[in-house]
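Chain A is fixed; fit chains B and C onto it per the hints.
Residue numbers (our numbering), protein chains in the order written: chain A, 290 to 633; chain B, 3 to 594; chain C, 1102 to 1406.
Keep in mind the hints are simulated off the structure, nothing from the lab. The structure displayed is predicted, hence computed values, not measured ones. We treat Cβ as the ideally placed atom computed from N, Cα and C, and that holds for glycine. Some hints here could point you the wrong way.
Unchecked claim - Listed next, the stretches of chain C that the computed footprint assigns to chain B, with coverage defined by at least 3 CB atoms under 8 Å from CB atoms of chain B: (1) 1130-1144; (2) 1351-1358; (3) 1366-1372.
To be verified - Anything over 10 Å on all C-beta distances counts as not near chain A; from chain B, calculated: (4) T118; (5) E136; (6) P176; (7) T378; (8) E544.
As the list claims (entries may be wrong) - Chain C side only, calculated, beta carbon under 7 Å to chain B, not exhaustive: (9) I1174; (10) L1192; (11) G1306; (12) G1347.
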Amino acid sequence: MMTGITAFILRRLIQAIPTFFGITILAFTIMVLAPGDPIAILTFDPNTKPEERERLAELYGVNDPLPVQYMRWLVGDNWRQFDTDGDGEPDTRGESRGILRGDFGESFISQRSPISLIVERLPATIELNIAVLVVSIPLGVVIGVVAARMRGTWFDQSSRVLAVVGDAVPGFWLAFLLILLFGRYLDLLPMGGRCAPTRGGCPPIFQRLEYIILPVAVSALGGISGWSRFMRASMLETINSDYIRTAQAKGVASTRVWFHHAMRNAIIPLATFLGPVFVSLLGGAVIIETIFAWPGVGRLLLQSVTSQDYPVIMASVVIGSMLTILGYLISDVLYAVFDPRIRL
Amino acid sequence: MRNASRMMVLLMIAALFSIIPAAAAQDDDPGFASGGPIISSNSSGDPATFNPLYYGDGTSGAVVSRMYPSIITLNPQNGLEEPHLPGARAAGWEFNEDGTVVTITLREDMFWTDGTPVTAHDYVYSTTVVRSGEIDSPREAMWETLADGTPAGGKITDIMAVDDFTVQVTFSAPDCIAFSDINNVPVVPRAEFEAVYGDDFASMRDEPLRVPEVVHGPWFDPEFSPGERVSLLPVEGYADNEFGNVVPNEYILLSVPDTTVGYERFLDGEFTYLSVPPAFQQEIENSPDFQSYRFDANSFSFMAFNAADPADPQPGVDENGDAVDQGLHPIFGDVRVRQALGMAFDKQAMLEGILDGNATLVATHTTPNSWVYDETVQYTFDQEMALELLAEAGWVDDDSDPSTPLICDGCLYATDIDPDFAGSPLEFELMIGGGSETGEQIGIFFDSQMEELGIIVDLQVVDFNGVLVPGMLGQTYDMVLLSWSLAFPVDPDVSRFYGPEADVPGGGFNFVSFNNERLNEILEEARSVPGCDQATRAELYEEAQQILFEEMPYLYLHVPSSLTAVQNYVTGFDPTPVSRIWNEDAWFIEGP
Amino acid sequence: MATATQVAKIAQEGPEARPRSKTLAQRALYRIRRDKLTLISLLVLLMMAVLSYSAPFITNQILQTSYTRPDPINKYLPIGTEGHLLGTDELGRDHLARLLYGGRVSLTIGFSAAILSMTIGVAIGVTAGFYGGPLDDFIIWFVTTLNSLPQLFLLLMISAVLSPGPVSLILVLSFLGWTGEMRLMRGEALKLREREFTLAARSVGASDWRIMFIHIAPNAISLLLITLARSIGGIILAESSLSFLGFGIKPPVPSWGNMLSNGLELLRLAPHLVIAPGLLITITVLCLYVIGDGLRDAFDPRIAD
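Isolated chain A (complex conformation):
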């Protein structure tokens, strides 16, 4: 079994290599197609002299041909020498190590490493997303199972409608209305941020739960509706399968069949969702983070896109994609482990 799993993971990792290169090419293409000019943005100040602008363009290598830029981005250029003084003799070694060796360059805006910018924002995003999952999965599963059990009743109907409503409301609209209602007029909850503005960092999460309630409520809504729809369908499918019919035929009590046998089987595919869902949440929190002033990765990305901060955008995309690939891999492995019918 173990060797089976190892071989399976290995095979999937090898399959991921061409995907990874596809991602780098696609991301790079989109970025160079962008009509903007990061140098112009950096120097959007009538006090800047043309010399300064040229120096920056040279520094960031935006004047090189595209394949050269791509290769330098990918594998770096510290293994070749350049002619910087124009005498025809190479004299200076390149400085970039390339993303394959973990060097994403430095942010045009803050001159810091994109990785460190992303890493310092990750805890807040992960915290929010775990909270969303912790709320949405149990609620979604319970609602879905009960709805399937009470199929056709008022509960089933209203849970379906509620699920759909939760999915159909523009998130930023709902978020803003909730901030006004609970934050401003009822004055029950804070209107944004991750904790009170005190020095020394945020206290442990259970001491500042009031800050996370609204963002979680808004982001969990879609999750609850998705999970409950999924569980309802999955339960109905399981309950109609042969072995459950057999159990029923053998006279196992109906409730026991539903909640012991059927639910356990219906929940298996759910476990396999965790990977991709978690990863997609990472990127999807842009709006929630913006409106609730939550200090996460999504806002960093939005800001980088607005200011055309290529290195940070590229790093976010590449890292985000790698996490997605990892997420799919984990769920496939989980699926294989949980469901013995799948041969490795």
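Coordinates of chains B and C only, in the frame set by chain A:
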């Protein structure tokens, strides 16, 4: 981002105005850190660095200028550089006879937080680091050349310490504007910087958010939480304000990306002060819950005409400094068309309808706080005359039906560029940066007014960084709506905007390709007036403004009126048109 | 081996919903006729569409106003003002007229992008499944790559590049949206290409093209219909989110999304500018989702009548 008010392009960050003549201390004066925190909201990004020598973004500037004030302070009442303002490092200065050397005397009673005095050597060290070129500082441009001889574009050739408290700055030529460049670089503690970085200035870039050990300002010890806030603590023993100590117990710059939510949070009492969005100014002014202060913003809005051929952008001058034939814009190459649009647009209706009356109309490149501002210079609104001017330029209405577009019938420049142009309608693209509510509204209003005259405006709201800046600086646009934020001290020099050297496709800020010989002469002359006599310079600049008014490189719109609101729980709010927060370290905050 | 995600996808869309005969389609129609919730949703959606697409007529003939002409003296008029049924916006333009025109833009984007992406997905999916081999491998590689890029990242990046008008937004959303349908059709084609009727068609000399799109593709219509309803709704929502982030349809063209995000800033001055477009988006998307669910149930062979 939706809320980033990109119409307001911050050109320069006004220095912090920290000091007021110290009043005699009274017994009931608030003690050190006896008040609550100042909480200010920030919708732009995180600070890039705490290093005052190379920061470039506004958030870093807000933090850095509170720890390292500049060498010469501006008077908060008039925005002018004045000697011996308490809190300034400079006690006075004196020019030599030909105006090329200025000797600055520093105060001897200013100390770093470690107790050592602030000396001339500290300032010389700061400027030397910048000149080395190793830290890629945006402030390099104060120097004529960098250490390795690369031209940097400025006028300062040398800065040296005569003794511990005397600095001597040498300019390549007498220049009335370059004096302000002295303030570009704040004073840093040489001892600490040398101990940390040694001779390797470039290593300052390696640890941009290093917390400084020694500062000289009301605030220190920055604590940065990514995406959340920067917090500063008051410096005990900093005595240069009204009460002889810093009163608030903390300064917090809170990151609030969405300005709509930010406004609600201010109303809820969370932030100490706020620059009120235009739509809500009336609401705040009528509210008893806030102190508010209205002032003319140090900025103006305009619509720029591309006067040169947008199909083939050329620089204004070649390498030898000779004029280049840039071609002409088929529509705006003709000054009569520009003038006609100035007359055709009902700016008064814009002022009342869109700006709620909260602005001052202007017709030149000046703001009311400038010493050459003349409020009587205004465009006349006269659609009849506009049509006549257009007809003169060859744009006619062939069937006298006002709803059909004006077409080119031998119009001067359009047919010059393309003989087939005859019969084409008067149509052009107006670019507006997305995210500016007021900008979009003005654009739509302008569009509808032009339509009444038969002029077709193709309104394009575009991504500011992605489309507007490249199109504008690349000089491939027709017309663009924008706003310039100016800096203090207000200086009427406009060569960066209308001089031929600044007309460089892809980079220069004379993207309207304006070139007027008389204007160039005046600006050159006004910069080098002996002794920088203000009366002589004012005369020259008034003529310059007259040229801009007549030639209309821009359709000048308005100077917005801003409103700053402060919570009622703040005592000591003493706003001036130059700065609302210049005495914030003496504010006493009871709430929230 | 089916991957977990594929299995999960099918489970989510409604398992084994594949009509094989006319009777199944007839049964589905019969069921929908009895499903009041779905019928009401269809009716509401139809009404929205009719009103939106007759926006020019309603604006010019009935309201006798203009959706573009600013009249700033009359800005922020409340709901029920004479001459402006739903009030006016920040430039004094008639809000009702703008909602109608905005609906035309939003619905057009939703429907066109969903249909376009479905067309792309079906064409590529059937081709990949039918031919297999290196072509299939290449397509699968491309789809995996596209799916591995976080969608919102991609959407933001491309929107920033294109500075979207309605047409480019439709193209962007379709480019990102077709992979689900593609996987669905590929699976279908893989399964059906060895079936008797395909072989029979081939033996009488039918062209590949004919087999793919006349014999194989129609088999998945029910699945596609279900997907389509949800995807239109999703796209309308995505358009409003993009507007909020500053990458949506740019003014002066009205869309429900940009009216809503613009109105949010003015909530204190004119609540109707926020409430109306928000409700319209919610109701429209709600109807589409309910229709999607209704279709799924209607085509579900396990449900007894």
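Results for each hint:
With 0 residues bearing a CB less than 8 Å from a CB of chain B, the segment 1130-1144 of chain C misses the requirement of three and the coverage assertion fails. A stretch counts as covered by a chain when three or more of its residues have a beta carbon under 8 Å from one of that chain; for the segment 1351-1358 of chain C and chain B the count is 3, and the coverage holds. Counting residues of the segment 1366-1372 of chain C whose CB lies closer than 8 Å to any CB of chain B gives 5, which reaches the minimum of 3, so the coverage claim holds. Against chain A, the non-interface label of B/T118 holds: every CB pair exceeds 10 Å, the least being about 27 Å.
Annotated as non-interface, B/E136 keeps its C-beta farther than 10 Å from every C-beta of chain A; the closest such distance is 13 Å. Distance to chain A confirms B/P176 as a non-interface residue, since its nearest Cβ pair spans about 20 Å, more than 10 Å. Residue-level check passed: B/T378 sits 28 Å from the nearest beta carbon of chain A, beyond 10 Å. Every beta carbon of chain A lies more than 10 Å from that of B/E544, the smallest distance being close to 22 Å; the non-interface claim holds.
For C/I1174, the suggested interface contact is upheld, since its CB lies about 6 Å from the closest CB of chain B, less than 7 Å. Because the smallest distance between the Cβ of C/L1192 and any Cβ of chain B comes to about 6 Å, under 7 Å, the interface hint for this residue holds. The beta carbon of C/G1306 is not positioned within 7 Å of any beta carbon in chain B (closest approach about 54 Å), and the interface hint is therefore violated. Taking 7 Å as the C-beta contact cut-off toward chain B, the hint placing C/G1347 at the interface holds, the least distance being around 4 Å.
Comparing the model with each earlier hint shows violations of hints 1, 11; every other hint is respected.
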